[in-house]
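Participant: These protein sequence lines are chains P and L, in that order. Under my numbering, read the first sequence as residues 1 to 172, first letter to last. Under my numbering, read the second sequence as residues 1 to 274, first letter to last.
The set of hints was computed from the structure by calculation and includes no laboratory data. The model shown is predicted, which means the values in this text are computed figures rather than measured ones. Idealized CB from N, CA, C, for every residue including glycine. Heads up, none of these hints are tricks.
Using 25 angstroms as the maximum straight-line C-alpha spacing, the simulated PhoX-like pairs for lysine-lysine come out as follows:
(1) K127/P x K88/L
(2) K88/L x K75/P
(3) K113/L x K75/L
(4) K113/L x K75/P
(5) K75/P x K75/L
Covered by chain L, according to a simulated footprint, are these stretches of chain P (three or more residues, beta-carbon under 8 angstroms):
(6) 102-112
(7) 142-148
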Amino acid sequence: MAALCKLRFGVRSAVRFSPSISIRTSFSSDCDDGARPGSGFAAAFQRQAELQREADGDQSGSIPGQEQTFASLFKEAPIRDNVVVGRIFHVVRDDLYIDYGGKFHCVCRRPAAGGERLQRGSRVRLKILDPELTARFLGAKTDTTLLEAQGILLGPLEGREVQKRGQNQKQE
Amino acid sequence: MSNIRHLFLASRSGLLGFRHVGAAKVKFSINGQHFATASSIKSPEIQIQSFTEKVPNPPLEKHDHFRLSELFTLKDLFDARVHLGHKKGCRHRLMEPYLYNSSLDYDILDLDKTEEHLRLALNVTAQTAYRGGIILFVSRRRQFCHLVETTAKECGEYAHTRYWQGGLLTNAHIQYGQGVRLPDLIIFLSTLNNVFQQHVAIRDAAKMNIPTIGVVDSNCNPSSITYPVPGNDDTPVAMELYCRLFKMSINRAKDKRRQMELLQGLSEPSSSSS
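Chain L on its own, in the form it takes in the complex (with noise of 0.2 angstroms):
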């Protein structure tokens, strides 16, 4: 029973050892928290304790531990054309806080918000695919589909960027199979389907306290989301600039990771074994 409780806890803190080769689509493996017999995750169980164990993680206070803010500057999402909103008729009244003051007929997004918005969802990112968790990119932009689902195969992740089917996330364990592992981050590169309502994955990422980063433009609606960052969504320049941005801060995450086991293997030729 206490094996049972410590996976529990290790898939609460989302430390699962074991994971799938990185596909277009969603791929699941065993979750502790609804599983059938003991014997089926006896394996994972030993990884868990390993990877807990040896490597410590980076306090979460400390702030910007990769060093993420290199990555960008404000000139860049200047140039990038982050700043360009909807017209004044489309604004949402929730994204106020976010804009700047300016008589021009449509909305201008703050990029000093942008800027610290963005720094905290880079670092939120790094610090998750540190942790081994599945990070899902979600946009409906057909635009932009390649795109995203070129990054999150670049950096080893998952992208969901066709019609999301209802119990994705909610009915996952009766649609997919008993003991499926669901993601432990989700990117929006754009909150709005094509009818321009707000996509149902960020109702559902927030009823299965996933939490939910999202770019957030001048005609959505940002409450929902837990790191909203504001900025352009609609240009092609923008977003690759977001795609490689959390590419990059994933990438870096994942290196160091590699570099700490390394490094603690090391100095721990013997293996435990529990």
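Isolated chain P (complex conformation) (with noise of 0.2 angstroms):
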């Protein structure tokens, strides 16, 4: 147990299940003294938490206790000439800035037609078409970037949601 103990202190473990751990071998050190209770709620409540931790790491993919790598989150996904979902974060009248994921911002004007239901907040397709606008310069060493992706702004993402609750009230 002593031993159980040790191990799980040296294993950097990830932020949420370091608390619960910690907790345990605190509890299950207390309980060298005394009985380890066999019975009762609380025994039920820690065998029902770790089958509970247990089936949750297995659906997020990681054992707890070890360390995700970025290899394993990253997934190389080409964003040019892509149709993306953004959202608007700040407005200046005519000109939209976009958030749609990636680095930078895009801002796009806002189009003469359905152009008043687009306000902060509000969530568009766009496609991209350069995730981020740089120009190498006669004389340059570097490229001299812009700080903006370019993108041309295709509609509200309000038009399908609007289809699709018309299709399930149709279903109802």
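Dock chain to chain to rebuild the complex, using the hints, since each chain is given by itself in its own frame.
Facilitator: This is the structure we're talking about:
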């Protein structure tokens, strides 16, 4: 039991599991002197919590106590000429600043048709032409970057949601 | 004369007792290194001796004394888009060791290395804050200037997000008067200024022997920075993450310090007089 406690302390655990593990070890070290509750609500709760944790761990694909590597998280996905969903986070008259989950935001002009509905927080569909606008000028050692992405605004996301709701109503 | 030498040693390790209330600009208190009369430094001297004698400092060799590795995981860095870098053409040659091999047209920073560097940087921040050091947040990105200033205010430290005057660190004793205390740690949340040149403060801090922590993107030069943290400095989510992490580590260290001081105060009720 003592060896198990030492092993748990030695392993650098992920954030969400560290408090539970420390609670368990402290509990078991206290109970080395006394009697471990073999029955009762406390023991049942512990067992259920362990099972729950193991089930969650299997689903997320990470074993508690092991750190995830960057290689397991990162998937190379080219972003150029992709249609993505973005969210408008800033509006300056006719310019909409859209964040689509990339490094930079995209600035698009408000479309003439149905443009009034697009406000801060509305979700839009856009096609990304370039995730970062850069160009190498003559005589420069590195590219000059505009710190912006370039994209075409295809339209609000609301259109599809309204259609789905309509279909559901028809089915009901 | 022994008083002066003691003060000099204390200031070298950054343990001067009193400080001013935190504000948006750099504030100064009397430094031990250059001063005119001994009478002006009598009151801080007594505080310094009590500060160093009573509360033992955590050993620097002990890895992660404040348990700052609990504050973030690699998944948090990934979700905050810390791994995204600039285009290949903007890459700085010296950032190549921190990049991940990818066939995309923009660079990807290796989060395994970032995680390691960030833990080290947070540890340094906490240790400095524990010993009562002055921490200065610097960023010239106009988009995040308000965020950086509020971060500094919330943890009781200082921020400088405006135009950097040339002699702020190197000419401090003439510009701000004799006996000025310079920051003990400078944290750069973006190492470039608006013209995409390296911030002047990096070079100046190196000249004045002030350790620096800097978030370096794939187009930045990490060489003069003491503790570089390779990461994205352009996305608001990433900047909010860094600010939150630094703020939490500083607050943790300060709370621990107050705790230790209270414990020492309880165990030794008689105050020392020197």
